[in-house]
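Chemist: Sequence:
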Amino acid sequence: MSDTTIDTAVLGEKILRVIKTIYDPEIPVDIYELGLIYDVFVNEDLEVKILMTLTTPNCPVAETLPLEVEEKVKSINEVKDAEVEITFDPPWSQDLMSEEAKLELGML
Numbered sequence: 001m002s003d004t005t006i007d008t009a010v011l012g013e014k015i016l017r018v019i020k021t022i023y024d025p026e027i028p029v030d031i032y033e034l035g036l037i038y039d040v041f042v043n044e045d046l047e048v049k050i051l052m053t054l055t056t057p058n059c060p061v062a063e064t065l066p067l068e069v070e071e072k073v074k075s076i077n078e079v080k081d082a083e084v085e086i087t088f089d090p091p092w093s094q095d096l097m098s099e100e101a102k103l104e105l106g107m108l
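Going by full-length UniProt numbering, 42 is the number at position 42 of the sequence shown; the sequence numbering is gapless.
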């Protein structure tokens, strides 16, 4: 193990911080709190794979939101590559939102 080994847990935190700066344009809550991010994988080569969903399959940002996530995650120095995979299984529902998001949207 060399001194340049990057702690993937620390990198995971960085990735989440970046993801939390991305908002669904129709909802004033970041995509992480909305529950759109299902999983984030970081392999030993520091390639990131993000499994996410959209609020609906014909969401107006279906084309741009995944690209924005990819670009922002790729902009982290330690990340070599990032890929976003969209899934609708399970489909997004309001149950996936964090308490914070529900509070923000007046649903609690």
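Rather than coming from a laboratory, the hints here were simulated on the basis of the structure.
Hints are supplied without guarantee of correctness; some may be wrong.
Unchecked claim - Straight line, CA to CA, 20 Å or less: simulated PhoX-like cross-link-like pairs of lysine-lysine:
hint, residue 1, residue 2
1, LYS72, LYS102
2, LYS80, LYS14
3, LYS80, LYS102
4, LYS14, LYS49
5, LYS72, LYS20
6, LYS80, LYS49
7, LYS72, LYS14
8, LYS102, LYS74
To be verified - DEER-style ranges, computed between Cβ atoms:
hint, residue 1, residue 2, range
9, ILE6, LEU105, 29 to 39 Å
10, SER93, ASP7, 13 to 23 Å
11, ILE6, GLN94, 16 to 26 Å
12, ASP45, GLU100, 31 to 41 Å
13, MET107, ASP45, 34 to 44 Å
14, LEU105, THR21, 29 to 39 Å
15, LEU108, ARG17, 34 to 44 Å
16, LYS102, TYR38, 13 to 23 Å
17, ASN77, ASP39, 17 to 27 Å
18, ALA9, THR56, 18 to 28 Å
19, PRO60, GLU85, 29 to 39 Å
Cβ coordinates follow ideal geometry from the N, Cα and C atoms, glycine included.
Chemist: Give a verdict on every hint.
Modeler: Comparing the hints with the structure gives:
1. LYS72 to LYS102: violated (25 Å)
2. LYS80 to LYS14: With Cα atoms ~14 Å apart, LYS80 and LYS14 stay inside 20 Å; holds.
3. LYS80 to LYS102: violated (34 Å)
4. LYS14 to LYS49: Answer holds: LYS14 to LYS49 is near 14 Å, not above 20 Å.
5. LYS72 to LYS20: Holds. LYS72 to LYS20 sits at ~11 Å (cutoff 20 Å).
6. LYS80 to LYS49: Distance of about 11 Å is within 20 Å: holds.
7. LYS72 to LYS14: The given pair, whose Cα atoms are some 11 Å apart, holds under the 20 Å limit.
8. LYS102 to LYS74: violated (29 Å)
9. ILE6 to LEU105: 29 to 39 Å: Because 36 Å falls inside the window, the suggested range holds.
10. SER93 to ASP7: 13 to 23 Å: Distance hint for SER93, ASP7 is violated at roughly 34 Å.
11. ILE6 to GLN94: 16 to 26 Å: Violated, at about 36 Å.
12. ASP45 to GLU100: 31 to 41 Å: holds (33 Å)
13. MET107 to ASP45: 34 to 44 Å: Given range 34 to 44 Å: holds, Cβ gap about 40 Å.
14. LEU105 to THR21: 29 to 39 Å: The hint (29 to 39 Å, Cβ to Cβ) is violated, given that LEU105 and THR21 are roughly 19 Å apart.
15. LEU108 to ARG17: 34 to 44 Å: This hint is violated: roughly 25 Å between Cβ atoms.
16. LYS102 to TYR38: 13 to 23 Å: holds (18 Å)
17. ASN77 to ASP39: 17 to 27 Å: Holds - the Cβ-Cβ distance for ASN77 and ASP39, about 22 Å, lies within 17 to 27 Å.
18. ALA9 to THR56: 18 to 28 Å: 33 Å Cβ-Cβ, so the 18 to 28 Å window is violated.
19. PRO60 to GLU85: 29 to 39 Å: Given range 29 to 39 Å: violated, Cβ gap about 20 Å.
In terms of the numbered hints stated before, the structure departs from hints 1, 3, 8, 10, 11, 14, 15, 18, 19, listed from lowest to highest.
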